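Student: As a plain string of letters, each chain reads:
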Amino acid sequence: METETFIDSMDFKVQELLKEVRLEYSPSLTKVVNDTVSAIKSAIDKIPEDLQVNADWAPGFVRDIGADKVEFKFKKPKSIEIGGSYSIGCVAKPDVNVDLLLRLPKECFHEKDYLNYRYHAKRCLYLCVIKKYLKSSSSIQKVEWSALQNEARKPVLVVYPAVKLDEVPGLFIRIIPTATSLFNLSKLNLKQNNVRALNTGDVPQPTPKYNCSILEDMFLEENSKFVKKTFSEWEELGEALILLKVWARLRSSIYVHDCLNGFLISVIVSYLVAQDKINHDMKAMAIFRAALKFIDTHPLWKHGLYFPPAGDNAFSEEGNEQHNSSTRVNLAFRIASVAYPELQDEVALTLRCLEKCRDGGFEEIFATKIDNAAKYDYCIRLNLKGNSEVYSLGFCLDDECWRVYEQDVHCLLNQGLSDRAKFIRVIWRNTHSEFNVENGLSGLGSEPLFIGISVSSVEKAFRIVDIGPNAEKKDEALMFQKFWGEKAELRRFQDGKISESTVWESEQWTRHLILKRIIEYLLGRHLSLLKKDIVQIVDQLDFSLLHVGKDPVSYSGRLLGTFEELSKRLRSIQDIPLRVSSVQPLDSAFRFTSVFPPEPHPMATKRVDGARVHNFTPFCVQSLEVMIQLEGSGNWPMDDVSIEKTKSVFLLKIAESLHNNWGMTCTATEEDVDVFMDGYSFRLRILHERGLSLVNREIGRDQMKWVSSADRKLFIHGQHASMINGLQFCYPIFGPVVRLAKRWLASHLFSACLAEEAVELLVAYLFLKPLPFNVPCSRITGFLRFLRLLAEHDWAFSPLVVDINGDLSQNDEKEIDDYFMQSRKADEENTQNKSKAMFLATACDKASEAWTSCSPNPLELKRLVAYARSSANLLTKLILQNQTDSHGWECLFRTPLNLYDAVILLHGDRLPYPKRLLFTSELDQGRHVAHGNPSNAFHPYLLPADMKGSLEQLKTKLMVNFDPLRCFIGDVEKEFSDGLKLWYDSLGGDAIGLTWEHSKKREREESELDRKYPVDLLRNVGEMGKGFVRDVYLLKAPRLTK
Amino acid sequence: MKKKKGNREKANVVDDGEAVQMVANLITTKEEKKKDKSSKKKRKSQEKNNACVGIDQLGDEYEDHLQKQNGKYKKDRKMKKKDHSSSRESEQLVEMSKAVDEDEVYEIPSGDEDCSKGMKKWLTKYHQSRPGLKVLQQRIDDFIIAHETKLEQERKEKEARLTEGGWILVEHHKGRKKTTDSESGTTVGSVSQAVVEEKLAKKKSKELFDFYRFQKREAQKNELMKLQSKFEQDKKRIQQLRAARKFRPY
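Line by line, the protein sequences give chains C and U. The letter at position 873 of the first sequence is residue 876 when you use the numbering used here, and the numbering goes up by one with no holes. The letter at position 165 of the second sequence is residue 146 when you use the numbering used here, and the numbering goes up by one with no holes.
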């Protein structure tokens, strides 16, 4: 039963999708199309017969493709017919175009015009003539050039009708010339040479690409007819075609000139019908699946796709010649051998989505955009504008120079990166709409060339040494040297082998740049590209994670070592009543997901090294939580308060013991005990299992009341920490992505909205359920996908299930769903107090109680989603478009302050870690309500005056976990919690946003509010942060209710 | 389109009357926008300096409010009179705040002498909370003793209250002797907690749920209800999706 509703909902969604995408043939649309077509026909009719045409119509084009003898007398086209998807009713919005097939008259061509680009030149000149006459037609707005599948030697005309329809914006008609039976097919055999300029020595080389290019035109009409016949009166087939098109279009890496296109998809589907792989009983989705299976198993680029399939005589109008397989056209000739594995991978991923994803994978297959920015781990753009190397051999020989260049780049990188990369995709989309054929082809290189790289595994991509051939193999070694130049060096390895190798020396935290260095080196060496023309999207966001020019994560190794030592010492403590049984790290710094893991503080050690105390030694020390458990005992008290106090006593005893035995400095309050060790400070916590059972009992009595004791919280933290720590080891790139995500959230003042742990779970989801993508292998890609997840997940209607160990059973999933429904139902009944806007379930927290039960609330989530969406769009643009300045990248972390009702700016030099501030905030709008002076009582760095005293004394002055921002926020929230909402950056921002809250309570107390009109209120708020608050601005007064 | 969205968002928060006012505001500000395009341009360029390019979307909707804040109170007042009587109140407020505003920017003292607020307060609090291990130890000991005597007293009082009426409190010791040490989870007696729980779970699963016909019927009914509610939910969701143009892949 369950599965049935499943499939039904998929079908239902597919129907909805088709409704949305399919073009309706409304009377107004057909009228516009028919009118325009007849306008085109009549314009062509006006062309005088026998008009003399020569190269002067498009001198640049004829020169650049190198054609001779191009003169002809104009004759009318043999036929003009609508073909393509419009004729079979399978146009998929939003690109609505109508293909008009125009058969070139045989009289204009000589028998031998298939030679030396004469056909291409005449084809183009023919269109030039037509273009001239179309321009004068009144029902045509404009005529532009385009190219058939990005093939510049085969231009087509794009005609925009003068009448615009609101229902189909951007409608245009493409005029595509066809060459039905113009030439002798046997001359266009793939082994024939038809471009005489192409030869090695005196031996002419075959020109398969060139021949196919002509053959395609010759069979265009026939194939079109075949497709039309197959699709006529077959509803489901058409639906499947539209689905396939939607699917392909969402995947920009395969819907390009060297892979799939709409026509090819329709050909594939027709082929399957002819092969009896599709029958009339199948529904659209079944056909969709069959087509994907076919692509997956049939290597199109190797076997080719010949049409009509052998043995089918129905369409042999041209006689017997076509049955000679060598002269039929391979319809899949555009699919490059390097593009096919990519296509296959996409298909395999889609098939997996169909099987594994929720609700049959509709979201993943038909609603998720898989653009290059989100798909590839490394994106590179080459600026080749004005680079004459590209066409130094001529624009078009067998293939066009841009395609050849694509191949060259691919080969080079493929060899250089070897097994580091899984896929390398080189795409140069170079025909743009302003492209003007008459002026020749030299302007076509202005668009940047795109390279996308999918990394095979992070370990391989981050490898420092590449081992080449053994030194004894002279030839290979020579080749290696030639390829790598000065980078190649002879090395003796541990196993005694002496080999050629390349070494990319790099620190741990800059390993992600190795690939960048290799690529830069190779492109510079072999294609002599300058650094400024190579834009690699790798490290543009690293600035947000650096602290004084260095990534603080580089200290993590030392931190873990110190922690090991600490836990050894703790477990060996003898002089306390109960011994320490286990020690577990809780802080995110231990699992590499903290934005700023602490750097060792020169003073927080046993023996202070005076030499390392410098001018910028911070006054504050970050303390890291560590959880310890004690041996069991029956003597613990029973009530909550006493348990906590007893824990404090234990901690004090532990601290004392550490001090006595190891000389470690300890500092404590009634709640917290911090110990210094080796430059780090650790905050100790005790987990008492009795506390857990106390809570459980509480729940048993009263289901609705959720009591969260200190122990419960600790327990959850501990579970989360070990879960994430395990995951982090499987995915080395997980840490950096989490850090970027946390930094982004904080810099947009969302610190209060989304718990650190929730961010880790969200990012974990990207790695555990990457479909329809592969697992992200670079920080920028991971970050982009995080933003998209935040923006696009359907928070209102589906829970996000993070299955870290992959151990959730069907029953568990159902349980989670039930919890989710319960919580949503509760929201419906009680609209006042919505909770869990973001439902994050894990194996140990099926009801999403741990991290998101209080925040974000629906309004916060809305804001969060809006920010994520615009940041994701900006990031995509930055990755794909040619912007090289760093300002755009900084904008991702710069939050607009004008979106708050009031803003408080803080003294940046009174923050505990001023260097963590990304940008100093300034505001030049709104009313400047108050200004404050900085306090002299606190400085973030040790002052020379401090250092006069003894170092030991100084050590006691260090402040552990002192954070004025947190204090300020706490004070303000205590005082004004019902009227104000604070948005802040806990990672070291200097701005706090304020928004007015509308609560019922306030409406009642309106008389009181009269006194506290906004300016005074804000001044009071500013007053609470004396010595810390720099400026207070009012941007928008609160709206008053009646 | 964007504006509409913004409106909707706000309408969620405020009641209908206000939404009307909002719309009126939008219209008037549109006029305003036309009037001083040049100043707007200027501001825009300023905005760009500290605003993220990407978030224009949100920026737009807040823009018109900002405009009012930019010191155009006169115009503002006029408009407000026109569109709503209830806004008079807020107008007064604005005026009042203007009155206070005579001395422009209020100076907050650095507060280095004043321990009641701000940085100084936090620092003092920080230092006060760390009197040293010995003192803390003493404090906690005192607290525990006090707490325990309090508890003891409470117990005694309770007892006293009960015995007052001639009753004697008989304490009830539940069940047999404990078998498990609750801290370590080790079994003291015969069976451990985990085993018991497991047994209980097993026992539960052995219970028959489809023994009587009515049970079967009820189960079916329940299942059906569940499916129905799921279907309803699905339908609602799809409607929502449609509204959000989720079915449009472009």
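Keep in mind that the hints are not guaranteed to be accurate.
Said to hold, decoys possible - Partial list, derived from the structure: chain U residues whose beta carbon lies under 10 Å from chain C:
no., residue
1, Val86
2, Lys102
3, Gly113
4, Asp122
5, Glu133
6, Gln134
7, Glu138
8, Phe192
9, Tyr193
10, Arg194
11, Phe195
12, Lys202
13, Lys211
Stated by the list, open to error - Quick partial rundown of chain C residues pointing at chain U, CB under 10 Å, derived from the structure:
no., residue
14, Tyr28
15, Leu32
16, Ala370
17, Val778
18, Asp820
19, Asp974
20, Lys1029
Unchecked claim - Derived DMTMM-like pairs: lysine to aspartate or glutamate, alpha-carbon spacing no greater than 25 Å straight-line:
no., chain 1, residue 1, chain 2, residue 2
21, U, Lys98, C, Glu816
22, U, Lys102, C, Asp675
23, U, Lys106, C, Asp974
24, C, Lys828, U, Glu213
25, C, Lys115, C, Asp102
26, U, Lys217, C, Glu816
Hints are computed from structural coordinates only; laboratory data are not their basis. Here the structure is a predicted model, which means the values were calculated and not measured. Heads up, the beta-carbon is just placed ideally off N, CA and C, and yes, glycines get one too.
Student: Now tell me, hint by hint, if it's right for this structure.
Tutor: Each hint, compared with the structure:
no., hint, verdict
1, Val86, "holds (5 Å)"
2, Lys102, "holds (8 Å)"
3, Gly113, "holds (8 Å)"
4, Asp122, "holds (8 Å)"
5, Glu133, "violated (12 Å)"
6, Gln134, "violated (14 Å)"
7, Glu138, "violated (17 Å)"
8, Phe192, "violated (23 Å)"
9, Tyr193, "violated (23 Å)"
10, Arg194, "violated (21 Å)"
11, Phe195, "violated (21 Å)"
12, Lys202, "violated (14 Å)"
13, Lys211, "holds (7 Å)"
14, Tyr28, "violated (19 Å)"
15, Leu32, "violated (19 Å)"
16, Ala370, "holds (6 Å)"
17, Val778, "violated (24 Å)"
18, Asp820, "holds (9 Å)"
19, Asp974, "holds (8 Å)"
20, Lys1029, "holds (3 Å)"
21, U:Lys98 - C:Glu816, "violated (51 Å)"
22, U:Lys102 - C:Asp675, "holds (20 Å)"
23, U:Lys106 - C:Asp974, "holds (13 Å)"
24, C:Lys828 - U:Glu213, "holds (12 Å)"
25, C:Lys115 - C:Asp102, "violated (28 Å)"
26, U:Lys217 - C:Glu816, "holds (21 Å)"
In summary, the numbered hints that this structure violates are 5, 6, 7, 8, 9, 10, 11, 12, 14, 15, 17, 21, 25.
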